[in-house]
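Q: Take the sequences, apply the hints, and build the full model.
What follows is the residue order along each chain.
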Amino acid sequence: MSRTAFAALALLAVVSSPCLANSLVGAGPQSGIAKSRMSATTAGEWNKLSLREGKNVEVWTLDGDALNKVTFFGGVPAGAPLLRERDKKNRPLPTVAANMLVTDIPTLLETTYRSQFAVNQMTIDTQVPALLDGHNGIRFTYSFTKADDEVRRKGEAVGAMINGQLYLVSYEAPVIYFFDKDIEKFRALAASIKL
Amino acid sequence: MRGLMKTASWVRTAVLAATICVAMPTKAQEKTGSKEGFTLKPGTVRIVLMRPVIDVGAQSTGGMFEPNADWTTQAREYLTEALGEAQLKLGNVVVEYSDQATDDGPLVTQYSHLFSAVADSVIEYQFFPGNRLPTKKHSKSFDWGMGNGLSRLKSLDGADYALFITTHDEYGSTGRKVLQIFGALGGVAVTSGVHVGHAGLVDLKTGELVWLNADRQMGGDVRTPEGAHKRVTQLLEGFPGKPGDVAVAGN
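If you read the sequences in order, they're chains U and W. All letters in the first sequence, in the order written, are residues 29 to 223 by my numbering. All letters in the second sequence, in the order written, are residues 214 to 464 by my numbering.
All the given hints hold, so there is nothing to weed out.
Here are the computed lysine to any residue pairs in the SDA-like style, where the Cα-Cα straight-line distance is at most 20 Å:
#	chain 1	residue 1	chain 2	residue 2
1	W	Lys350	U	Leu52
2	U	Lys213	U	Thr70
3	U	Lys182	W	Ser334
4	U	Lys174	W	Val266
5	W	Lys244	W	Gln447
6	W	Lys350	U	Glu73
7	U	Lys209	W	Lys349
8	U	Lys174	W	Glu337
9	U	Lys182	W	Gly362
10	U	Lys209	W	His326
11	U	Lys209	W	Gly420
12	W	Lys443	W	Ala299
13	U	Lys63	U	Leu223
14	U	Lys63	U	Ser51
15	U	Lys209	W	Gly360
16	U	Lys76	W	Pro342
17	W	Lys349	U	Val87
18	W	Lys350	U	Gly54
19	U	Lys76	W	Thr348
20	W	Lys418	W	Ser325
21	U	Lys116	U	Phe145
22	U	Lys174	W	Asp333
23	U	Lys76	W	Arg345
24	U	Lys117	W	Ser273
Far from chain U by the CB rule (all over 12 Å, computed), these chain W residues:
#	residue
25	Glu243
26	Thr293
27	Glu298
28	Ala402
29	Asp428
30	Lys443
31	Lys455
Which residues of chain W face chain U? A partial, calculated answer using Cβ under 7 Å:
#	residue
32	Gln323
33	Ala330
34	Tyr338
35	Leu346
36	Pro347
37	Gly360
No lab work stands behind these hints: they were computed from the structure. We put the beta carbon where it would ideally sit given N, CA and C, even for glycine.
A: What follows is the structure, encoded as structure tokens:
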């Protein structure tokens, strides 16, 4: 390897490292979301965070993940948790099962949050059948409060089980101001998803 | 020999790259920001000092926050006293928040928590330029807010701005300090203690955050009167309209 090539590699490491890695998602078609076959078309710009919450997870935001957060779960396989486990011994996370029903998806998210984020208040508020790019799935809404910041947040998500893998996209934001500000942008984004 | 020099050069390049990456966020961190063009003249507005959100506790060996009710009570007393003195010197009329027999209390508490989340997002995604959100890089403006819902609260009638204050302190336990020493010996950086402080001024008509002072490494031990005074001084440094201070516009 030449010196120049190595210098370029080192520079690339800097540029692509987490310290500088929040990237712009421009308007238009986006493919390979969450390192999966998931693609979508965005009407406006978003920020893709360097934050890696799991192997098959990608996070987008407009003002920061505490204020508006879109999470893509791209084909989480059977036996894997939704998020990377922080304390497997004391706070293990539930895992995806290949034979899960779509109605099990909200429960999976709730149980995951209670364990991972010290969520002391969480409710699944509504659940209705929905299609995710033509696949039978579920749309549900929920609300929760994390113990660390005590901000009441609402969430909305659409998910489906396809070939034993979980595809899910969720939007979460504080109840005050932020949820309503960007919910329509999320709905348009979720409606554009192709698998 | 030439191969050795080439290797040394690679190593230097790699070390430089790693240094840039590690050093950039901390070196370049900003601690204050305000809406572009925002200024406040002394004696022109009425500001409501919202009830501060104060949490004090210990940081366990594993880095978890363990609340301490006694420390929190002490800090609340000392910080309230220090704020009471400071609010008289801010250049404008500053009054403490009161429910005024409305049922606004729970919602106002939620706004205080939301302010903390917004302020922390500003630290994370604005004050660290290397971590700035690409959509917010397009302009140099300071564009943060909480919506105009505060303007509908009866308990804030007649006020122009709300001043929100948050402090969150975690004092490193003995175990944490020991871990820090062993970490240093092994070349691993372990932090002991967290001292977060936010002071922010919100325009009550628009909900815009027009000025913010925020840091995750604040000074002053809030469990003592002197420390609380130091913390309040640091929180209100550069407060808009304060005699002797000039607000820095547009970060």
